[in-house]
Every structure is written in C-alpha cells, then in structure tokens.
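Given only the sequences and the hints, what does the whole structure look like? Please build it.
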Amino acid sequence: SQKIEQNSEALNIQEGKTATLTCNYTNYSPAYLQWYRQDPGRGPVFLLLIRENEKEKRKERLKVTFDTTLKQSLFHITASQPADSATYLCALDISGGFKTIFGAGTRLFVKA
Amino acid sequence: SAVISQKPSRDICQRGTSLTIQCQVDSQVTMMFWYRQQPGQSLTLIATANQGSEATYESGFVIDKFPISRPNLTFSTLTVSNMSPEDSSIYLCSVRSGGSYEQYFGPGTRLTVT
Chain A
205 SQKIEQNSEA LNIQEGKTAT LTCNYTNYSP AYLQWYRQDP GRGPVFLLLI RENEKEKRKE
265 RLKVTFDTTL KQSLFHITAS QPADSATYLC ALDISGGFKT IFGAGTRLFV KA
Chain B
97 SAVISQKPSR DICQRGTSLT IQCQVDSQVT MMFWYRQQPG QSLTLIATAN QGSEATYESG
157 FVIDKFPISR PNLTFSTLTV SNMSPEDSSI YLCSVRSGGS YEQYFGPGTR LTVT
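Top to bottom, those sequences are chains A and B.
According to the numbering used here, the first sequence is numbered sequentially starting from 205.
According to the numbering used here, the second sequence is numbered sequentially starting from 97.
I should point out that these hints are in silico values taken from the structure, not numbers from a laboratory.
Note that this is a predicted model, so its numbers are computed, not measured.
Just so it is clear, CB atoms sit at the ideal spot from N, CA and C, and this is done for glycine as well.
Accuracy of the hints is not assured; some may be wrong.
[Claimed, not checked] Coverage of chain A stretches by chain B, computed from C-beta distances (three or more under 8 Å per stretch; other residues unrestricted):
1. 241 to 255
2. 303 to 316
[To be verified] Over the 12 Å line for every Cβ pair with chain B, so calculated as not near, a few chain A residues:
3. Lys-221
4. Tyr-232
5. Leu-237
6. Gln-238
7. Arg-262
8. Lys-275
9. Thr-282
10. Pro-286
Here's what the structure looks like:
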C-alpha cells in the first residue's frame, strides 16, 4: 500500500544542537515534497518545498534533502531553539500535483 | 501567501445533527481543500473544492455526508451531516494560490460529537 512514514516517537534534543527528522515513502513518485510545521491547536504552516530534481534546499536554519532513489527526505534544523518545538509534517504532491498527502508528523521538543 | 479564517473554531454537537463550517480567504484562490485530522494522526483529505465545479471527494467520503459549497473564489463551506461520535475531529480548510504547490491552512474547527 502507499504510505508516508515519519518517526512516530517524539524527538528530544538540547538547545543549540541540530535536529534531524526523517520522512520515508513507498509506492509514490512525487514531483515535489514539502515540510510543514504544526503547533498545538493550529493549522499547519508551510516551511519548504523541494523538487524531485533538487538534492538539497535551504532556508535560514532549515535544510531539506530529497533522495528519490531511497524514497526519503531529511529535514534538519540547525542551532535549534525551544521555539522550534512543534510537530513537523512531511507532505508529498501526487496526481500531477493536484493532491497532497501528509505524514502523521514527528513531534520535536527542544530543551533549553 | 493567504490568510484563512474558519468558523466556528470549535463546537460540541449532538449525535444526528449537522454542522456547517465556514472557510474565508483574504484573496481569490482557485483550489480549496478540506481535511480532517484526528488527534495524533495525519491530515486526511476529504475533498477538493474548485469554484464553478462540483467538489471532488476522496475515497471514503461522500457528498451526502460532507456536502461542500464553493460559491466564489474566497469562500467555501463544509457540512458534516447526521453526525456520530466518529466524526469528532479537527476539520481544516486550505488553499493553494497561483501556480504554487504550498498550501495555506486555516486554524481548524474542533468538533466534538456527543
């Protein structure tokens, strides 16, 4: 079956360290992969989009990699801060980009 | 980007009743989406609502249960009909503007059915 897997266990890291979150997928060939942040009681907020022909994308302290052979994306937050604590969702664009499917997300806790 | 508001933000409803959720966008957008999110779960797409055409529903969701209106490019409603406790969830609308793929989400409507 088609699915997106993100670490279901929460990730706890110390402030200042790099957080690395993983997104694996099966049976898709997405043209785009996106990462969103979701805080409790709020809707997801778009962070980054990476295309299938891009290996890496950066935005400030965020870095995303996309390996279409491994069917995996890694999401890095460098110099993490307690304000980075949230749930991070991976999303794939399928059906020619007309449909986006989301992973269940990984909860990140950054301790001061 | 787009700013999206939803009403109501939360509601507690009785079994068998219906609730209509409103989604208002601050700019004209072609594609609007309705999602459901249960606690700790991923977002599940209910339907895509494009202005001027019938909504397209995903597998497991039907128009009789979740009728959608899209009267113009800035507004949509989702009705949850004949509710049961299994419909308790957070309902989110989102939009995609222009030729971009990123989505902008409303704050969600937390529905509890008793």
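Against the structure, the hints:
For a cut-off of 8 Å, the count of residues in the segment 241 to 255 of chain A with a CB near a CB of chain B stands at 7, and the three-residue condition holds. For a cut-off of 8 Å, the count of residues in the segment 303 to 316 of chain A with a CB near a CB of chain B stands at 7, and the three-residue condition holds. Against the 12 Å criterion, A/Lys-221 stays outside the reach of chain B, whose nearest CB is about 25 Å from its own CB. No Cβ of chain B approaches the Cβ of A/Tyr-232 within 12 Å, the least distance being about 14 Å, so the stated non-interface status holds.
Under the 12 Å C-beta cut-off, the non-interface status given to A/Leu-237 relative to chain B is violated; the minimum distance is some 10 Å. Listed as a non-interface residue, A/Gln-238 fails to keep its Cβ farther than 12 Å from every Cβ of chain B; the least gap is roughly 6 Å. At roughly 16 Å, the least C-beta separation between A/Arg-262 and chain B is larger than 12 Å, which holds for a residue marked as non-interface. Here A/Lys-275 stays apart from chain B, with its beta-carbon at least about 17 Å from theirs, past the 12 Å limit.
Even its closest Cβ contact with chain B, about 22 Å, leaves A/Thr-282 beyond 12 Å, as expected for a residue assigned away from the interface. At the 12 Å boundary, the C-beta of A/Pro-286 stays outside the reach of chain B, the nearest C-beta of that chain being 22 Å off.
Violated hints for the displayed structure, listed by number in ascending order: 5, 6.
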